[in-house]
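Letter 53 of the sequence shown, counting from 1, is numbered 53 in the numbering used here, and no numbers are missing.
Calculated directly from the structure, the hints in this document are not laboratory data.
Being a predicted model, the structure only gives us computed values, none of them experimental.
The beta carbon of each residue, even a glycine, is placed where N, CA and C say it ideally should be.
Misleading hints may appear alongside valid ones.
Stated by the list, open to error - Mimicking DSBU-like on lysine-lysine, the simulated pairs with C-alpha atoms at most 35 Å apart in a straight line are:
id, residue 1, residue 2
1, K326, K34
2, K98, K165
3, K286, K245
4, K245, K481
5, K341, K286
Said to hold, decoys possible - Pair by pair, the computed Cβ-Cβ distance ranges are:
id, residue 1, residue 2, range
6, Q56, T392, 33 to 43 Å
7, T40, N417, 19 to 29 Å
8, E83, G670, 35 to 45 Å
9, M67, K90, 23 to 33 Å
10, T40, K698, 37 to 47 Å
11, D80, Q416, 31 to 41 Å
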Amino acid sequence: MNKKYWEALISFFVYALTAIMPAVQAETVTVESKGKDFNTALQNAKVAASRKIMFQVADSDFIIANMNDIRKKVISQADDFIENITVIEKIDEERNIKITASVDVNNSALIKRLSSIEGFVSRQSPAEPASEKINIHNQNAHNAAENNNLPNANIQLLKNQCDQKLAHACFSLGESLEKGTNGLQKDFSKAVKFYELACEENDANGCYRISEIYYMISLMAAKIESELEDAEDNDVKNAMISISKEMQKYIPNADLIIKGCDIGIGLSCAAAGNLSNSSRNVKKYKQGIKFSEKGCSLESGVACSDLGAIYNLGKAVKPDLEKSEKFLKLGVVYSEKNCEKGSGTECGNAGLSYILGAGAETNYIQAIKYLEKGCELGNDSSCFFLGYIKSTEFVYNNKEMPRGLANDSESQQIYQNLCVSDGFLSGYTCMLLGMAKVEENQYEQAVPYLEKSCLKGVGYSCDNLGGYLLTDVSQKMEYLKKGCALDYSSSCDKIINIYITNMIDQAFRNNGNKNDISVMPLIDIFEKACVSDNSYGCVAAYDNYNNITSNNNYNFNKAQYFIKHACELKNGMGCLGLIDGYSNGSHGFEKNQDLANQSIQLTINYLKSSCEESTSNSENECVVLSVILIQNGYSAQAVKYLDNICYLGNRFKGDACYTLGKYYRSGNNGIDKDIVQAKKYYEKACQENFSSSCEEVKELTK
């Protein structure tokens, strides 16, 4: 068996994503950065990650007011609190190296740096105390307590008993919340908490259940990681990162999983081993092997399968193919045995073993048999992989199975059940169903699935709703705000782009009249982007701050920071704001015509550069540039940019065509009169539904 086979095996049985099980003191964030070379891009990624976490641990007003000190004392020392950086993607652009990286930031070290600056205000909540080790008696945890469908009146009694630390009551509440019985709504996250409370009070059933939950999530983590490695499309990568973040909230307490192993639960030992084996630390990895060995001795098929993979790969142990084969075979034997006793997790392990040919010959009929049983026993990962197999090209009953979720009704039903279950896979499977509908061009049917997925915390789904599927602007913004709040950066960028486009629309179509978007309280999103050196975020922050802040609360330093920083970042629209400030002495600026003139030149230079690049904001930049050139007597130069918008633009296409038609018809503003050209541009504008242009065409055709 080749190395790739074993890498697939270890990803299913051993490896859990670092993003799913974050270190106590560190937080993992994904950032994009650029640099003239790879090392500069890498350093910029560290800085971007530091800034991102900074807004989670410190008050934003403190950050704005002390930006100079923060740059000197914190950002310049980013290496002191960056624990690890992994490059996900590297793109060689014409002038820069662009990277997407996953960065581990040590929160405690960052806070320590920030607290050295006078006036530091923390946003961080106090950490929860670690669970104490408790010696408890050995119990058999294979069979969970049955739900007796208690009358609703008894739920309050169970809650009171759980408050009094009666373990069986906590476990029963967990089951009721997970299944949505006894008058309680389904709430998987709360169910996990009650299982943890039961385990804390020495209940083996509670410890067993949280070990099952951990193992289900670790399997999905391995699936997500494999998709991240294979993905070439940034949207797919972002979706997988979004899913992994959503799953974090369901991860049970690691100390309680180890406690389950201490009392003799084999699956808990397997989970404890998996926890340790996901570490990069060799000492912890060896400790993980001991947990797995104990689990296998307790006849956990999952633990034995883990050991088989470990001894084949030889990580922290000497490779031993004989031992590997022995443990893999034991894994299948014990998993089949435990599956018959009612362990959904062990059924799933048997099914995956038959898919991979690990400890048994590859046999999809057997694989589906065990995955179906695991699914019937409530093991969500078994259901997921069952649906995955049925929607992928596998040979089953001598028939080639259909490829793709959109083509297989049985898989759709499996995922539909997971979607409505409100379990840890609800957000993921709702997203998959929604995107399958998008592939079929059934957009209206896709929306409900993606809405549920978004509400479950999948930023990718929020982003698709707000970015593409919904047309109502207020609805689009609501879903994009949800995506942005979930740290889905694409949603934050879309909010900024929509706001900037709307801002230009107001200024050059509606004479500056305010509308719903311009007065939405979006300043927190824009401010965070600005401090992270997003120049359009700074422009949006300046405009939004001016629109929503009353005179009594207006902070001139804050407003000036936004617009000055935008111009420092070579954003022409930012420099445009400085023209107004220095020319008129507005927004706390001192009147200074020399600086106003400098700002005019900077505005034109930066807008020209941006307009000629092919970016999402190029059209906006070209519109602003054309107006500035015309206002300052450079109309002939403006023609080139207006023509580009007229033929290649989107939102302002009709405006540009109409403006050119008007200039060529009148011959004003330094442009020679040319009726043929005027008619050509009016016709283009008419095609863009500019009714006044259509009238002009009729006039010129007479």
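Here is what the structure says about each hint:
With a C-alpha separation of about 50 Å, the suggested pair K326 and K34 falls outside the 35 Å cut-off, and the hint is violated. Simply put, K98 and K165 have alpha-carbon atoms about 54 Å apart, too far for the 35 Å limit, and the pair is violated. Annotation: proposed proximity of K286 to K245 holds, straight-line Cα distance about 28 Å (limit 35 Å). Among the hinted pairs, K245 with K481 is consistent with the structure: their alpha-carbon atoms are about 17 Å apart, no more than 35 Å.
Between K341 and K286, the direct Cα distance comes to roughly 31 Å. Compliance with the 35 Å bound is thereby established for this hinted pair. Separation of Q56 from T392 is about 39 Å and conforms to the stated range, judged on CB atoms against 33 to 43 Å. Distance hint check for T40 and N417: the Cβ-Cβ separation is about 49 Å, which falls outside the suggested range of 19 to 29 Å. Separation of E83 from G670 is about 60 Å and departs from the stated range, judged on CB atoms against 35 to 45 Å.
For M67 and K90, the Cβ-Cβ distance of about 30 Å falls inside the hinted range of 23 to 33 Å, so the restraint holds. Separated by about 58 Å at the C-beta atoms, T40 and K698 break the suggested range of 37 to 47 Å. Separation of D80 from Q416 is about 49 Å and departs from the stated range, judged on CB atoms against 31 to 41 Å.
Of the hints listed earlier, those the structure fails to meet are numbers 1, 2, 7, 8, 10, 11, in rising order.
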